[in-house]
Amino acid sequence: MSEVRTRFAPSPTGFIHVGGIRTALFAFLVARQSNGKFILRLEDTDQKREVTGADQHIMKSLHALGLNYDEGPDIGGPFGPYRQSERLDTYKKWALKLVEAGRAYADPYAPEEIQAFRNESIANKKPFLYRNHRPENSLVWDGSKPLRFKSQPQDYTWHDAVMGNSHAGAEAIDDFILMKSDGFPTYNFAHIVDDAEMQITHVIRGQEFISSMPNYLNLYEALNLEKPVFATMPHILAESGNKKLSKRDGAKDVLEYLRDGFLVEALDNFIASLGWNDGTEQEIFSMNELITKFSLERVQRSGARFDEKRLIWMNGQWVKQLSLDDLFVRCSDFWGENGRESGPDRQKEILKVVQERLKTLADLPALTEYFFVRPTPDWSMVDENKQLKKLSRTEQIELLKAAETAFENLDDEDFLDEGKTQECLNSLLERTKSKPPILFGMIRYALTWAPFSPGLPETMRLLGRDETLVRIKAAIS
RNA sequence: GGUCCCGUCGUCUAGUGGUUAGGACACAAGGUUUUCAUCCUUGCAACAGGAGUUCGAUUCUCCUCGGGAUCACCA
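If you count the first sequence from 1, you need to add 10 to reach the working numbering.
These aren't lab readings, by the way, just hints derived from the structure by calculation. Only a predicted model underlies this, so the values are computations on that prediction, with no experimental measurement involved. Every clue listed holds true.
Dumping the calculated EDC-like pairs for lysine to aspartate or glutamate here, alpha-carbon to alpha-carbon at most 20 Å:
| no. | residue 1 | residue 2 |
| --- | --- | --- |
| 1 | K253 | D317 |
| 2 | K358 | E428 |
| 3 | K103 | D54 |
All chains should be modelled from the sequences, with the hints used to inform the complete structure.
Put into structure tokens, the structure is as follows:
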């Protein structure tokens, strides 16, 4: 058995969204799990649609998600070049083979003429097939006209690693264009030639190509090429509606999720879980687990909806698993403007107490800025709290005054001892005859004015005696 | 319209010719952490519909319905 070789073959027409990344991820997993090779090939045969810089962006995205390829446009490899626009001679060579074998011919019609044929078919409610209009005497193909495949229509049954067995009738087969009049090949032709030349063993791609399979099979045979394993991925659906996820419908650049504070691990885990599971109840998979456990056969046949809430949950799971040092490194770009300035020791100290509360790294400023800068009181938070809203403002202030008195009896040293502050809070609870959610909730707001924060003793230790008292006083006045 | 694909809780999904149809997210209610978040427990909630095969269908077959993809000198 030869080495497994899979490829990801995007066209550089923009960024990659999660749908594209999932295809790449699965191809990557298939290669890695059998020590094979994962290849990046850029399908830039449509000059009109090409977007400058998109190739770099694609490569950056793959690396950012840990999907490092073994061969590609920037790193080369034994079967290069890996950019289709640089392989025109290859396509021409294969095209001429087909011409010589009588399996390709120049298309003599102008686009308008073909459109007229098509309109006629539509008017007669018949499917349009170019092959019904094959010219009788063929021109010599000089490259100025499109080159068409001379198909041999027949029924096909084929196996797809994900979809199982599929079947299509001869009417699905037509004389499609191999070479465009601009000298570039079409996707339909180029990908088959390249996959063969690059010795690709598994073609893993999106559902949009499935209806062309009969044509591809017909071409494989005309070219006398061995067929690879085919695997068709179902679509990922947008958050709302039933449309497939697309850039038009607001699909995000995958790099944007990284910028939004999602971890690579969580993103890969989540994307893999969209349409795949290992049959157990495991939800969290590391990349290594994905590599060993993934199988095309267990990929779902139906589309999966992108649910960001689930991604957020998964990210929180991953954040909690990180070591403090690792978390610290990953947070470097996410500190708020005051947190950024403080030193690594202080940052780590604070990270330690907020780690389990972080859902995404982007939550970091909201969760930590109050440690670095005095927050502005926002009484609406108190008024919206279901426990505290029952008290009058005067009663709320009374609680803070009691806390102020109690804290003043502690010294700087006591504040560093969470046991001491805890004790102080306990006796305060008795003295005020207040319930914990009320009293501690009130103090928490006065100290942080944040939606969530660590435990009071921890917060007070990090803030110190003076700052704690200043904030209580500020809330009272 | 032709061709092809798909159809289990709101969402991601497990599963089987006989199950109380399981898990996770979300949501709700309790509990722990004397607050919030985390965590734990519980609850809510699904086999698209109709025939057929069968002692028995969510599972197998057919039809219907629903959703999707594709019908380019785009990929």
